[in-house]
Amino acid sequence: MGDMTEDSAEFIDRVRVLRDEVLATAEHGDRDPPGAEVFEALLRALQIGGDSLASGLDLGLHDAVTRRLAWGDSEEVLLADAEMVFDRIMTATERAFREPADRMVIVEAATQVAVTVARVVSLAAVQRAARDRAARLREEMAQRQLKDVIGKQRASLMRLEYETRTDQE
Amino acid sequence: MTTQPPLDGRTVSTGGLRVAGDSHVGKVRTTNEDAMVVEPERNLYAVFDGMGGANAGDVASQTARDAISSYVAHRRGMDPKSLLEQALQHGCHAVFSASQANRDHAGMGTTAVACMIVDNTRAIVAHVGDSRAYLLRNGRLQALTRDHTIVEELVDKGLLSLDEAERHPYKNVLSRNLGARPETRVDVVEIELRPGDRMLLCSDGLYGYASAEAIQYLLGSGDAPEHVARDLIELALRGGGGDNVSAIVIEAPPAPPTSTQVVRTSGALAWWQRRQRFLQIARERGLTRNPIVRGLDAEEALDLVALSLCQAIFHDLEKSTGVNVWTFAQNLAGGWFERGGEWAPLRGMIDILGMSARSVVDEIRAADPPLGFLIDVAVSRALVVAELALGGLLAERLRHIDGELIALHGAMQETIDVLPPLEETTNSGEFVEQQTIPFMRPDRVMTNPGGVSPETISAIEKVLTIARARTPPRAEAVKQILTALQAISSDDGGHFSSAVLAAREIYGVRTVDDSGIMPLFDALDQARIMTASSVHQISATDVVKAKALRAISFAHQRLVSAVTGLVLEAVSPFADRLRDAQALTVQLRDQVSGTERKRADLEKKFAETIDQSLPWEKRGETEW
Numbered sequence: 001m002g003d004m005t006e007d008s009a010e011f012i013d014r015v016r017v018l019r020d021e022v023l024a025t026a027e028h029g030d031r032d033p034p035g036a037e038v039f040e041a042l043l044r045a046l047q048i049g050g051d052s053l054a055s056g057l058d059l060g061l062h063d064a065v066t067r068r069l070a071w072g073d074s075e076e077v078l079l080a081d082a083e084m085v086f087d088r089i090m091t092a093t094e095r096a097f098r099e100p101a102d103r104m105v106i107v108e109a110a111t112q113v114a115v116t117v118a119r120v121v122s123l124a125a126v127q128r129a130a131r132d133r134a135a136r137l138r139e140e141m142a143q144r145q146l147k148d149v150i151g152k153q154r155a156s157l158m159r160l161e162y163e164t165r166t167d168q169e
Numbered sequence: 001m002t003t004q005p006p007l008d009g010r011t012v013s014t015g016g017l018r019v020a021g022d023s024h025v026g027k028v029r030t031t032n033e034d035a036m037v038v039e040p041e042r043n044l045y046a047v048f049d050g051m052g053g054a055n056a057g058d059v060a061s062q063t064a065r066d067a068i069s070s071y072v073a074h075r076r077g078m079d080p081k082s083l084l085e086q087a088l089q090h091g092c093h094a095v096f097s098a099s100q101a102n103r104d105h106a107g108m109g110t111t112a113v114a115c116m117i118v119d120n121t122r123a124i125v126a127h128v129g130d131s132r133a134y135l136l137r138n139g140r141l142q143a144l145t146r147d148h149t150i151v152e153e154l155v156d157k158g159l160l161s162l163d164e165a166e167r168h169p170y171k172n173v174l175s176r177n178l179g180a181r182p183e184t185r186v187d188v189v190e191i192e193l194r195p196g197d198r199m200l201l202c203s204d205g206l207y208g209y210a211s212a213e214a215i216q217y218l219l220g221s222g223d224a225p226e227h228v229a230r231d232l233i234e235l236a237l238r239g240g241g242g243d244n245v246s247a248i249v250i251e252a253p254p255a256p257p258t259s260t261q262v263v264r265t266s267g268a269l270a271w272w273q274r275r276q277r278f279l280q281i282a283r284e285r286g287l288t289r290n291p292i293v294r295g296l297d298a299e300e301a302l303d304l305v306a307l308s309l310c311q312a313i314f315h316d317l318e319k320s321t322g323v324n325v326w327t328f329a330q331n332l333a334g335g336w337f338e339r340g341g342e343w344a345p346l347r348g349m350i351d352i353l354g355m356s357a358r359s360v361v362d363e364i365r366a367a368d369p370p371l372g373f374l375i376d377v378a379v380s381r382a383l384v385v386a387e388l389a390l391g392g393l394l395a396e397r398l399r400h401i402d403g404e405l406i407a408l409h410g411a412m413q414e415t416i417d418v419l420p421p422l423e424e425t426t427n428s429g430e431f432v433e434q435q436t437i438p439f440m441r442p443d444r445v446m447t448n449p450g451g452v453s454p455e456t457i458s459a460i461e462k463v464l465t466i467a468r469a470r471t472p473p474r475a476e477a478v479k480q481i482l483t484a485l486q487a488i489s490s491d492d493g494g495h496f497s498s499a500v501l502a503a504r505e506i507y508g509v510r511t512v513d514d515s516g517i518m519p520l521f522d523a524l525d526q527a528r529i530m531t532a533s534s535v536h537q538i539s540a541t542d543v544v545k546a547k548a549l550r551a552i553s554f555a556h557q558r559l560v561s562a563v564t565g566l567v568l569e570a571v572s573p574f575a576d577r578l579r580d581a582q583a584l585t586v587q588l589r590d591q592v593s594g595t596e597r598k599r600a601d602l603e604k605k606f607a608e609t610i611d612q613s614l615p616w617e618k619r620g621e622t623e624w
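Sequence lines, in order, name chains A and B. For what it's worth, this note's numbering labels the leading residue of the first sequence as 1, then goes sequentially. For what it's worth, this note's numbering labels the leading residue of the second sequence as 1, then goes sequentially.
If you are wondering where the hints come from, they were derived from the structure by calculation, not from laboratory data. A couple of the hints might just be wrong.
[To be verified] Listed below are several chain B residues computed to face chain A (Cβ distance under 7 Å; list not exhaustive):
no., residue
1, Phe521
2, Val543
3, Ser553
4, Val560
5, Thr564
6, Val567
7, Leu578
8, Ala581
9, Val592
10, Ala600
11, Leu602
Virtual Cβ for every residue (Gly too), placed ideally from N, Cα, C.
Based on the sequences and whatever the hints tell you, model everything.
Set out below in structure tokens:
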């Protein structure tokens with residue numbers, strides 16, 4: 001990021017201007033608008049510039065997605081937000097940037113971010129599935145123990161009932 | 001025995017081999033000292049050029065001719081090569097003996113070039129002296145013999161150059177002949193005879209007065225051998241005719257016609273000759289009652305449909321193509337469908353025509369089985385072509401219907417979307433709207449106003465072709481994704497359904513863990529990188545490039561979303577199963593605590609019972 005030229009900084013500023021339009025911030029007041037993490041990731045991808053074609057994981061995006069999942073948003077919602085932001089970026093870019101070369105840079109970065117979001121969401125979903133699978137195994141072990149306990153309790157009850165009856169007689 | 005040469009130049013034919021010979025005294029000489037053997041029954045052909053004064057030349061050539069002919073006639077079963085060589089030796093001995101017996105004939109001799117054809121596939125050529133044999137194959141003339149002259153032998157030994165040989169005063173003096181000695185050396189060559197080959201046996205009176213080019217031209221003219229032989233003699237006479245001229249032209253049998261040629265000629269003719277029968281069978285099978293020709297006279301219907309097909313098959317047989325039948329079937333079916341016709345009558349019509357054609361073929365086959373077999377294959381091919389044309393037309397119709405259905409479905413979904421929620425219009429509180437996953441809705445319209453222009457589609461194709469070419473051979477998933485991207489990005493309707501379908505194919509069957517899912521996203525990322533870099537390599541304006549990239553990026557995003565949707569779909573059962581397991585555990589825990597309470601009650605009751613049985617002062621101290 002430190003290598004950013006003046007031109008690229010200016011270009012990123014022009015993209016940043018689209019934030020309100022893309023995220024519809026006016027509708028959400030003080031709250032962070034949905035999909036903000038995607039837009040931020042887009043700006044980061046543009047800052048990296050020449051390396052934007054490279055495949056890789058954006059840790060900032062990963063953290064943001066994980067945080068939203070932890071707050072209770074579902075993967076489906078995250079994905080829908082990302083898709084909405086992507087669509088709006090494409091529309092806004094068509095309108096705001098006249099030069100085809102500029103549009104192409106943004107489109108490339110937006111696609112990269114879209115793939116990354118999908119990857120992070122899928123990764124999170126798969127990890128959740130792994131946790132669920134492990135939790136289910138633990139549940140099943142607990143169920144076996146509980147069934148053992150229930151068996152012992154039943155034997156104990158039968159003995160007590162028998163002894164009580166005998167003593168009363 | 002004397003064999004008279006057919007000096008009238010008539011062509012004789014045997015087993016497909018055509019032969020003609022002609023001889024002329026020339027313009028200078030008074031006697032013809034040349035002699036010829038043309039014996040098709042023994043496949044023996046020869047030219048002799050006698051020499052020696054006082055009529056001895058013709059005696060020598062005729063003696064040799066008779067001796068050789070007789071020798072061959074009486075020796076059957078010998079190896080042809082040895083037979084011909086020994087026959088010439090026998091002729092040599094006969095001429096020598098005759099010259100020794102008569103002082104007037106002393107010193108006479110003759111040249112000889114003889115050819116024996118074996119099975120019409122081989123030619124054995126033997127020669128002594130300067131009479132020659134030529135072969136014309138594929139338009140090229142080549143000499144099969146080498147003159148036995150002193151000059152020629154000096155050239156062979158390197159003692160004379162070719163230029164010197166041309167100017168040498170003894171260039172026509174023979175080094176070998178039949179009759180100078182009791183025995184001579186005979187040169188024998190054997191060649192394979194190919195269909196269409198022509199051979200020429202001639203005396204020096206021909207090639208000495210006619211150029212090789214002119215001989216080649218006449219021999220390759222394609223005229224009958226008798227005309228060629230006559231023309232060659234004429235040629236030598238026009239060249240001066242200073243010597244006796246003799247020429248025998250042998251033409252190898254032509255190649256047997258191929259099955260294609262048979263079908264093109266006699267097959268097509270046999271089919272066309274039975275056209276009335278074809279029409280009759282078609283009429284009997286009910287062609288004139290078919291709804292397709294409703295409103296037409298029977299004759300008109302037969303002419304329009306059956307005769308047209310008959311003609312189409314005839315022309316296709318003639319030219320070994322299928323284009324006429326294809327066009328016929330397309331016109332028939334296309335016209336019918338355009339009129340709103342149904343499939344069944346068309347199928348019926350094609351069946352009637354097919355069965356009529358088969359009946360005609362069967363009749364041809366009964367009359368001429370080999371030809372019938374070839375016609376059967378050719379007509380079957382024509383009928384298959386007709387079926388293929390119909391299939392193509394049906395596929396086209398299906399595509400149209402498919403497109404209309406998708407458009408209809410899209411319009412229906414849009415209508416449903418703008419309708420007020422169902423809860424507001426009905427009083428039923430039981431209805432629960434299923435949650436709709438936005439990216440899984442196949443009818444979602446892309447943000448792609450104006451659709452994709454043909455220019456952009458062309459650019460997309462170029463980009464993805466370059467990307468595919470750059471993809472490593474084993475990266476099958478990447479190739480699959482690139483193919484899917486082409487379909488999705490070129491989808492003019494802008495619907496998302498193609499992305500969902502493609503995603504399902506790409507997802508396939510895989511385990512729900514990192515090793516199963518992550519390669520999928522690696523491939524998607526790889527495809528993205530490939531397309532993004534390939535877009536800069538196509539030759540197009542920046543505007544078109546930008547549009548192509550935009551369309552591909554949309555497609556990529558949709559595909560990625562759909563794939564992620566499938567991943568989420570795949571992981572959802574894990575959460576459900578966990579919830580079920582947790583519910584069961586809670587149930588079991590409740591059961592354990594219930595049983596525990598019951599046991600505690602029983603123990604308390606048991607303690608009370610025991611307590612009652614104790615003395616008064618001990619009561620109340622029993623623990624439970």
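Fill in: Enumerated hints in conflict with the structure, sorted upward
Hint 10 is the one this structure does not satisfy, whereas the remaining hints hold.
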